[in-house]
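Colleague: Starting from the given sequences, assemble the full structure and let the hints guide the process.
Remember, my numbering sits 1140 above the position in the sequence shown when you count from 1.
For the record, the hints were derived by calculation from the structure and aren't laboratory data.
If you're wondering where the values come from, they're calculated on a predicted model, not measured in any experiment.
Warning: the hint list may mix true and false statements.
Stated by the list, open to error - Heads up, simulated DSSO-like pairs for lysine-lysine below, C-alpha to C-alpha not over 27 Å straight-line: (1) 1348 to 1300; (2) 1371 to 1217; (3) 1288 to 1217; (4) 1371 to 1300; (5) 1300 to 1288.
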Amino acid sequence: MPARRASSTPGNTKIPRRGPKTAPPSNKPLGLKAISRFSAAVSTAVVTGAGSGIGRAIAGELARQGHEIVIVEIDEKAGRASSEAIREAGGRARLVPCDLAQTESVREAYNQIEAIDILINNAGIASVGNVEECTPGELDRVYDVNVKGMYHSLHFAIPKLIAAGGGSVVNLASIASYLGISDRFAYSMSKGAVLSMTMSIARDYIDKGIRCNCVCPGRVHTPFVDGYLAKNYPEHERDTMFRTLSEFQPIGRMGTPGEIAGLVAYLVSSQAAFITGSAFEIDGGVTNLR
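Modeller: Right, dumping it as structure tokens:
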């Protein structure tokens, strides 16, 4: 992948070419390091849904590698906080507000980005319930973000990756893509679609120099987990439920956003140049050891 360097540009102007118990992601400065762990050309990386959790960790890790980060995020406050944290730590980042479920919003957002070398499709939402409990409205809500939203991102980003001479796409799926998580009908359906989109993109664009892979996390300790516990369990039961959720993984704990980010950083690096059309489980042994 050709190297491109440019100074960060504020506002909405175009970007020029160039196991322990886990803790939720911090809003503290990211502490960028001068030396990259992986050999990778410095380039423009778009990360969707980087306002918190796994997406925020991915944006921070890629910034540590020296990439310029474009955060595509519906929550402007959270997205701005992530981009400011990267800049305060010495990296380059900007926010492009966007509702991935809306075609014109995505078109407008990607029109603000002149070049893309790396695309991380992380944005997604969760849903609880089996097929009887999943209303048509809930199915549409999940589909619009997790499936249609990723389609929108790919649709508008792929031409820019082709124009750049190739690049790398990583889609965030889930072990639900192929296991089918209990009481998660709509979510499992949507993540199965992500897996299929990944393989389709990898096959269609391999001759354009575009690699496409997906990462399939198991349970990761993010703010969503803490919110779920707070919403569904009284305070005196939350620690017990947290341990139960942690011990479901054979490794004995949940993953961390940083661990997911480390795998993503490897997949977009030159050291992963021979990897495309692959799905990577990162689940503490759930898929193969339970």
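Colleague: Indicate, hint by hint, whether the structure satisfies it.
Modeller: Quick rundown of the hints versus the structure:
no., hint, verdict
1, 1348 to 1300, "11 Å, holds"
2, 1371 to 1217, "23 Å, holds"
3, 1288 to 1217, "24 Å, holds"
4, 1371 to 1300, "41 Å, violated"
5, 1300 to 1288, "19 Å, holds"
This entry does not satisfy hint 4, going by the numbered hints stated previously; all others are met.
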